[in-house]
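Same order as they appear, the protein sequences are chains X and B.
Count the first sequence with our numbering and you get residues 1 to 147, in order.
Count the second sequence with our numbering and you get residues 1001 to 1253, in order.
All the given hints hold, so there is nothing to weed out.
Some chain B residues judged to face chain X by a derived CB distance under 8 Å, without partners named:
1) ARG1160
2) ARG1161
3) GLN1162
4) GLY1163
5) GLN1164
6) LEU1165
7) ASN1166
8) LEU1167
9) GLN1171
10) GLY1183
In case anyone wonders, no lab produced these hints; they're calculated from the structure.
For every residue, glycine included, the Cβ atom is placed at its ideal position computed from N, Cα and C.
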Amino acid sequence: MRTRLLAVLLAAIVVPALAQDARRAYVVEDDAIRESLTGRSGDAERGRAIVGNRQVGLCLLCHTGPFPEERFQGNLAPDLAGAGGRWSEGQLRLRIVDAARLNPATIMPPYYRTEGLARVARSFADKPILSAEQIEDVIAYLKTLKD
Amino acid sequence: MKRLLGALLLLAAQASAEIPEAERRSGYHDMSPSVQAMQDDDMANPAMLWVLDGEKFWNQRQGAANESCADCHGEAARMAGVAARYPAFATDANAPVNLDQRINLCRTEQQKAPAFEYESRELLSLNALVSMQSREQQIAPPSDPRLLPFTQAGAEAFNRRQGQLNLSCAQCHEDNRGRKLAGATIPQAHPTGYPIYRLEWQSLGSLQRRLRNCLIGMRAEPYAYGAPEYVALELYLMKRAAGMPFEAPGVRP
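I would like the entire structure built from these sequences, with the hints used as guidance.
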C-alpha cells in the first residue's frame, strides 16, 4: 500500500518534471475526478478557444455549442450549451479525461488516456489528445455554460 | 433465458449496426446537387481528363516486351465488369490484389516494364479508364473461397477502434451515417465511385488515398500504399456494397 501510494506520488510529482507531456495521476471517485489535474483552475477564455479549434480540441467536429462564429458544427453528440448546468466540475473532468469509463461504447475520444489504444499515429504516440493544463482550461469554459 | 437475452442486448448495444440493404446509399446521394451534376456530366467531370490519358497509355507499347495493354486485351470496352469485381485473388501473386496492383502485375509480368508508383498519373489514368467500363454494373465481389480470410480480416479492421481518437470505421460510417462531422455529411463508405476526383484534392485519387485520409483523421498510423491491410479493407467494402451500381469515376467534395 505504502509503496503504491509512493509510486502514485512519484508519478504525479517526478514524471511531469522530466517530460512535458507525461500524464499526471488522478483519482476517479464515482463518476467524477474531483481534483484539478494541475492543482489549479483553468482559464475559461483559453478553454473556449481550445473547444472551438478543429485541430486542437476537435469538439465541434461532433458537438454543437454556443459558437455563433463557427459555421460548421457536428451533430453526433449532445449540444455543449448547458453542460455546466447538467454536470459538476468533477463529472465534466472525467467525461473529458476518459468518457469510456462511463459508457464503454462511446465515440467521445479519451482526451487524457494513452493506454489501451491501437495503431496510434507515430506523431501522437504516447501523448494524450490534450494536456492537463488544456483540459483544466476546457473545464473552466464548460463551467460557464450554465444554460 | 433472461441471461441470454441480457447478453444479446449487450452485444446489440456494442456491435455497430450493419446497414440494411434497403437503406444502402452511395456517397453520391450525400453530396450537394452541384457536385452531383459535375459527376453526371462527362463534359464537367474533371476525372475525364484522366480517362483520356488512360486511353493513350492503354495503346502505348511499353517495356522490354514492347506490348501495349491493347495488344493483349483489345479495346478498353472489353474491361466491362472488371472493376466491379476487384480486389480479386491473383494466382501470379498468390494474394488478393486490387485493380492498381493488377495493372502493375501486367506491367511487370507481361510488358516487362517497371511498376507505376501508387497515385501516379499513369496508374490513376489506367485505373480510371478500366473502372469506367463498369459504370452502371452491379458491384459483384467474386465468391472465390481463397478471398474469405482476407475479407474477414477487412471486416474486423472496419469494426476495430484505432488511433488516438479511438474510433472505428463502423462507428462513423454505420452508427453515425448521414450525420454531420463538422461540415461533412458522413457517407456510408461504399466504394462505388473510385477512383474519384475530389474537389479538396484537386486531383483524382484512389480508394486507398481516401482510406488514408480517414485513418489520418482518426490519428491512426496509415498503411503504406498497397499494404495487404488496405486490400483487406477494400475487399470488405466491396462485399458490403455488393449489388450497388458502380459509378466510377466519381466526384466527391
